[in-house]
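Residue-level listing of the chains:
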Amino acid sequence: MIIDQISVFVENNPGRLADIAGILGKAGIDMRAMSIADTAKFGILRLIVDKPREALELLRAAECVVSVTPVLAVSIKDLPGSLAVVLRVLAEAGINVEYGYAFVSRKQGNAYVVIRVEDNRRAVECLAQNGIKVADGKEIYE
Amino acid sequence: MNRYQPEIECASEDRLRGLQSERLVRTVKHAYDNVAFYRRKMDEHKVKPADVKSMDDLPKLPFLCKDDLRDAYPYGFLAVPRSEVVRIQSTSGTTGKRVVAFYTQQDIDVWDECCARAIVAAGGGKDDVVHVCYGYGLFTGGPGLNGGSHKVGSMTLPMSSGNTERQIQFMCDLGSTILCCTPSYAAFLAEAILEQGMADRISLKAGIFGAEAWSEEMRRDIEDKLRIKAYDIYGLTEISGPGVSFECSEQTGMHINEDHFAAEIIDPATGETLPLGSKGELVFSCLSKAAFPLLRYRTRDICVLSRKACSCGRTLVKMSKLMGRSDDMLIIRGVNVFPSQIEAVLLKCGLPPNYQIIVDRVKYTDTFDVQVEMTPEMFSDTVRQVAARESELVSALRSMLGISPKVTLVTPRSIARSEGKAVRVVDKRTI
Ligand SMILES: [Zn+2]
Chain R
10 MIIDQISVFV ENNPGRLADI AGILGKAGID MRAMSIADTA KFGILRLIVD KPREALELLR
70 AAECVVSVTP VLAVSIKDLP GSLAVVLRVL AEAGINVEYG YAFVSRKQGN AYVVIRVEDN
130 RRAVECLAQN GIKVADGKEI YE
Chain B
17 MNRYQPEIEC ASEDRLRGLQ SERLVRTVKH AYDNVAFYRR KMDEHKVKPA DVKSMDDLPK
77 LPFLCKDDLR DAYPYGFLAV PRSEVVRIQS TSGTTGKRVV AFYTQQDIDV WDECCARAIV
137 AAGGGKDDVV HVCYGYGLFT GGPGLNGGSH KVGSMTLPMS SGNTERQIQF MCDLGSTILC
197 CTPSYAAFLA EAILEQGMAD RISLKAGIFG AEAWSEEMRR DIEDKLRIKA YDIYGLTEIS
257 GPGVSFECSE QTGMHINEDH FAAEIIDPAT GETLPLGSKG ELVFSCLSKA AFPLLRYRTR
317 DICVLSRKAC SCGRTLVKMS KLMGRSDDML IIRGVNVFPS QIEAVLLKCG LPPNYQIIVD
377 RVKYTDTFDV QVEMTPEMFS DTVRQVAARE SELVSALRSM LGISPKVTLV TPRSIARSEG
437 KAVRVVDKRT I
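In order, the protein sequence lines correspond to chains R and B.
Take 10 as the starting number for the first sequence in the working numbering and just add one per residue.
Take 17 as the starting number for the second sequence in the working numbering and just add one per residue.
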């Protein structure tokens, strides 16, 4: 239900992002989704990868500051308005979405939106009650 | 009561002053008669040995600085025949010529006595096992505490630095009670001891840590981890070595062995002698040295002297912890900033002291940037939290320094290091 997102501190300097992508690429780790939160002074790279444990160890060994954040991957129909439905359900339950980003899985032929909320369990419950499916790790990683 | 030479350490101010005056007169004459540099410098300043009759006349003498010693390398300041010299020590200068210091047997005895005072003040005695892991060799740390421990009659372990496994093993097997090393090595040892689960097998009660600046936070950290009382010690090779001053049980500054070393505080910019209690540059004059009798030597260390009565009963003047160096003090937008202040704030905020100060001047205004290496504790996946921690740090820095730096978080281990030491200050200003 809940999947692991790898969050990486990225200093605002050219090439840093390429370095990180290079480390993962060389080890054959596949990025399923990524997003960058960017401020004037630093960035936070958020990644969904097929092998989160390995990625974490590799990045730590490369002296990156990393953390693992439990997030939800909600499967949505690739149609206009489907993201709005998900967000409305959460908003009505008073669940605040810290951030989110979308990706499409070619293998599964599905679209997903990754969302970060305070209380994952409650969000899953609330989405399920409204017939919205949250992907499990297997579906995302494989 | 924890005093090695109470008759001196607790002497009345008058008696100490008298002793200092008598010794100063003798040392000035000795230096003038035997060191060409002093003869020339004093003649230039139109001061004769006969003009120095007591400590009141000390400000008449010219200053001496490290460059003078470098220029006179190796024998320029030697004031006795070489046949009288029994030891040479040297500073750890990384650039340019080193400074070499010379000692007669009597000079060594005085130095050892000063270190003995420090060991006794830390609770040391004949039954103690003094574990010295300062380096031995040209560096004064090892030889100084080693000699002091002999004077006290403690069992001395001349471990020298490095080989942490062996340090811990000897500490356990031989029952070391007093640890002497740099504070950073003490912190490292403490971590290693805890990691190996050896905390219950060590019998340390005190530590004497010096040769580098350290904060109160670091002291508490070492004290908690090793379950000891940690004492500061200060010294410099040019003046003798460790033991120029030492801390007592009150832990509020270091008593200067002023029967041998007269201390003054001066304004580093003007050279003017400042009254007791002022913050300024520490200057030492040797009062009893034969081989290397430096007078009015500018240490570049910034501190405050105090003669407030101390609960330990010693009357020796106390110097505060070092507040920086007059040569690395920065003036940013008119405010004095010492890198050590930034270090203290980082430690207080639970961050490792990995930082770099970058100062520049844009349109006639100083820019003040502090780069801090990101840590897992400070990091979060949300921008909001990282930004909040960053602004906490900025306000802690502002309240310490009186001006606001721009803080930039950078990748761990990305701050430039030269010869293993991080470069703390980059001043790009051209005025
Ligand atoms: Zn005291």
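Because the hints were derived from the structure by calculation, they are not lab data.
Heads up, the beta-carbon is just placed ideally off N, CA and C, and yes, glycines get one too.
A portion of the hints provided could be inaccurate.
For each label pair, taking beta carbons as the anchor points, the in silico distance ranges come out as [stated by the list, open to error]:
#, chain 1, residue 1, chain 2, residue 2, range
1, B, 181, R, 76, 30 to 38 Å
2, R, 35, B, 422, 29 to 37 Å
3, R, 76, B, 141, 31 to 39 Å
4, R, 115, B, 179, 55 to 63 Å
5, R, 76, B, 232, 26 to 34 Å
6, R, 103, B, 420, 52 to 60 Å
7, R, 79, B, 241, 28 to 36 Å
8, B, 419, R, 78, 35 to 43 Å
9, R, 150, B, 410, 38 to 46 Å
10, B, 267, R, 76, 32 to 40 Å
11, B, 377, R, 76, 34 to 42 Å
Below are the DSSO-like pairs computed for lysine-lysine, each with C-alpha atoms no more than 30 Å apart in a straight line [as the list claims (entries may be wrong)]:
#, chain 1, residue 1, chain 2, residue 2
12, B, 324, R, 50
13, B, 221, R, 50
14, B, 444, R, 50
15, B, 364, R, 50
16, B, 379, B, 221
Discussion item. Verify the CB-CB distance for residue 79 of chain R and residue 241 of chain B against the hinted window 28 to 36 Å.
Written reply: holds, 33 Å
Item to complete: Can you let me know if the beta-carbon spacing of residue 76 of chain R and residue 141 of chain B is within 31 to 39 Å?
Response: violated, 51 Å
Worksheet entry | Holds or violated: residue 221 of chain B to residue 50 of chain R, with C-alpha atoms at most 30 Å apart | Roughly 47 Å separates the two Cα atoms, so the pair is violated.
Discussion item. Verify the CB-CB distance for residue 181 of chain B and residue 76 of chain R against the hinted window 30 to 38 Å.
Written reply: Roughly 33 Å apart at Cβ, these two residues keep to the hinted range, so it holds.
Item to complete: Could you see if the CB distance from residue 76 of chain R to residue 232 of chain B stays within 26 to 34 Å?
Response: holds, 31 Å
Discussion item. Check whether the Cα positions of residue 444 of chain B and residue 50 of chain R lie no farther apart than 30 Å.
Written reply: holds, 21 Å
Fill in: 30 Å Cα cutoff - pair residue 364 of chain B, residue 50 of chain R
Given pair residue 364 of chain B, residue 50 of chain R holds - Cα atoms ~23 Å apart, limit 30 Å.
Discussion item. Residue 379 of chain B and residue 221 of chain B were given as a pair; does the straight-line alpha-carbon distance stay at or below 30 Å?
Written reply: With Cα atoms ~56 Å apart, residue 379 of chain B and residue 221 of chain B exceed 30 Å; violated.
Item to complete: May I ask you to test the hint 35 to 43 Å on the CB atoms belonging to residue 419 of chain B and residue 78 of chain R?
Response: Once the Cβ atoms are compared, 36 Å apart, the range 35 to 43 Å for residue 78 of chain R and residue 419 of chain B holds.
Worksheet item: Is 34 to 42 Å a correct range for the gap between the Cβ atoms of residue 377 of chain B and residue 76 of chain R?
Response: Because 38 Å falls inside the window, the suggested range holds.
Discussion item. Verify the CB-CB distance for residue 115 of chain R and residue 179 of chain B against the hinted window 55 to 63 Å.
Written reply: Since residue 115 of chain R and residue 179 of chain B have Cβ atoms about 57 Å apart, the given range 55 to 63 Å holds.
Discussion item. Range first: 32 to 40 Å. Now tell me if the beta carbons of residue 267 of chain B and residue 76 of chain R are that far apart.
Written reply: Holds, since residue 267 of chain B and residue 76 of chain R (Cβ atoms, about 39 Å apart) stay within the stated range.
Hints 3, 6, 12, 13 and 16, counting from the list given before, are not met by this structure.
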